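Participant: Could you put the whole structure together from the sequences, leaning on the hints where they help?
Under mature numbering (1 follows the signal peptide of the UniProt record, and there is no 0), residues -25 to -1, 1 to 517 are what the sequence shown spells out, in order.
Derived from the structure by calculation, the hints contain no laboratory data.
Quantities reported herein were computed from a predicted structural model and do not represent experimental measurements.
Virtual Cβ for every residue (Gly too), placed ideally from N, Cα, C.
One should not assume that every hint holds.
What the hints assert, rightly or not - Straight-line Cα separation of at most 30 Å, BS3-like style, residue types lysine-lysine; simulated pairs:
hint	residue 1	residue 2
1	Lys22	Lys52
2	Lys52	Lys515
3	Lys341	Lys430
Said to hold, decoys possible - Ranges of calculated distance between the beta carbons of each label pair, as one might list FRET restraints:
hint	residue 1	residue 2	range
4	Pro184	Phe499	17 to 23 Å
5	Leu498	Asn353	41 to 47 Å
6	Val10	Thr371	51 to 57 Å
7	Pro376	Asn44	37 to 43 Å
8	Gly20	Arg311	20 to 26 Å
9	Thr382	Tyr456	45 to 51 Å
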Amino acid sequence: MRQVIFLHFLLGILTCLSVVSIVKAEDPYVYLNWVAEYGEASPLGVKQRVILINGQFPGPTVNVVTNDNVIVNLENKLDEPLLITWNGIKQRKASWQDGVLGTNCPIPPNSNWTYKMQMKDQIGTFTYFPSTLLHRAAGGFGGFNILARSVIPVPYPKPYEEFTVLVSDWWKNDHKELQQILDSGNTLPMPDGILINGQPRSTSFDVVPGQTYLFRVSNVGMMTSINFRIQGHTLRLVECEGSHTMQEMYESLDIHVGQASSFLVTLHGHGEFKDFFIVASTRFTKPILTSTAILHYQGSKSSASGPLPIAPTYHIHWSMKQARTVRWNLTANAARPNPQGAFHYGTIPVVRTIVLENSAARINGKLRYAINKISYINPDTPLKLADNFNIPGVFTLNSIPDSPPATGPTILGTSVIGTALHDFVEIVFQNSESTVQSWHLDGNDFWAVGYGSGKWNATLRRRFYNFNDATTRYTIQVYPYSWSAILVSLDNKGMWNLRSANWARRYLGQELYVRVWNNEHSLFTETDIPPNALLCGKAKQA
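Facilitator: Okay, structure coming up:
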């Protein structure tokens, strides 16, 4: 009897140890060694300098799985300091890894720095690109896909294969020439063309008849909205920037600067197989720029031929109506098994409303872009380092008003909004200009609850909000002379960049930072400063 009791006791201990071992097991690690350097390419038929990542333009596509730990050692072989930012990846509890000048010192030439990130509770289609100067106009960008864990089903059949599609506007000018244009006080010229995966027309996607493919499409351009479509095929939208969507069918979809969408495309399964055009064309530009790739059917005996599928008209209202059709799939899980709609965002009280208006102005005779009449300037010391070491004189909390001032000049400043951890905030982007704007928030996703024309008004406009099934995303467009509204739960402690995704506007001041804070020091809410953190500015003496 005693032997039986002892055996049960021993088995119980072994079971407990096994459980502890499972609980403490780390998620997988993915190690990437990247070299950023200049190379030569001819995207539009003219040889020019581009930024290569590991010799590739565009850079290598990263495919990882939810909760993977990703270690990226980046060696900078450019002639200028460099940072890579991770577009849409939340950097949970770790704004130290965000890769923007408000959080990181740039990597000096001929040196390296290691990013350490976890893809915590995320799935979806993301990108990376240089955040410094106008390096983005030379390349250095690539796709970054976070796949669901095998134990978490996705709400659609497994595709035969996945394709990462990067669409970008492009100039024949060197990126330093474009920077000089902006530094001299002028606007960027119209792009010279549109690229699909670094090419204007020769990219080919090889497919098998009758199969279904997933196309992950990202707009990695500088300033231009694009419309994406495939000749003779429909697009079933299944994911938008990390959210599973209601699976609506589209002939084409507008994808604005910084945005991403994923489509299932089912191929014809019988008859004479031929190739088809994949088309990306600019929206709201005159003239319209168009790029094509080839959907190449296995066994095809006929090349793709015209006419190209018809593009939508210039009218803004069509695009705004289409944006409202993109809705959350409330019954589908995302990175976790619970349904996306389990978090009832529409019932949470808003603690603060912030209205941000973009504008252009001349300061000291040069063009600048501003938010609420403040054009951002980067201090020598990253804000995150100043916050960590309590360095005075770098920034002031709430140094930008919560709504656009009615009068007064546009000034230079370092704008920081101070918020508390877990604040639930309404942000309204008011566009009083004639061009489409695009806005991105690092470290957080948000619900894109409303789009409308004219001036935003709290009493009238909130009646048109989608409080039920708006998608979460990380970039939102704002149409000319219109407004867009988001709701965001600021549950990621740190210093986060809120910026124009239109890169010339961001370069000339259209950005700010949101400080999400509480006074509790806990690794459960934010990691400590990494031991490899680069120090610059006043932080060198801290």
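Participant: The structure should be examined with respect to each hint, and the outcome stated for every one.
Facilitator: Each hint, compared with the structure:
1. Lys22 x Lys52: Distance of about 20 Å is within 30 Å: holds.
2. Lys52 x Lys515: holds (23 Å)
3. Lys341 x Lys430: Given that 30 Å is the threshold and the Cα spacing comes to 28 Å, the pair holds.
4. Pro184 x Phe499: 17 to 23 Å: violated (52 Å)
5. Leu498 x Asn353: 41 to 47 Å: violated (29 Å)
6. Val10 x Thr371: 51 to 57 Å: violated (39 Å)
7. Pro376 x Asn44: 37 to 43 Å: holds (40 Å)
8. Gly20 x Arg311: 20 to 26 Å: violated (48 Å)
9. Thr382 x Tyr456: 45 to 51 Å: The hint (45 to 51 Å, Cβ to Cβ) is violated, given that Thr382 and Tyr456 are roughly 20 Å apart.
The earlier numbered hints that this structure contradicts are 4, 5, 6, 8, 9.
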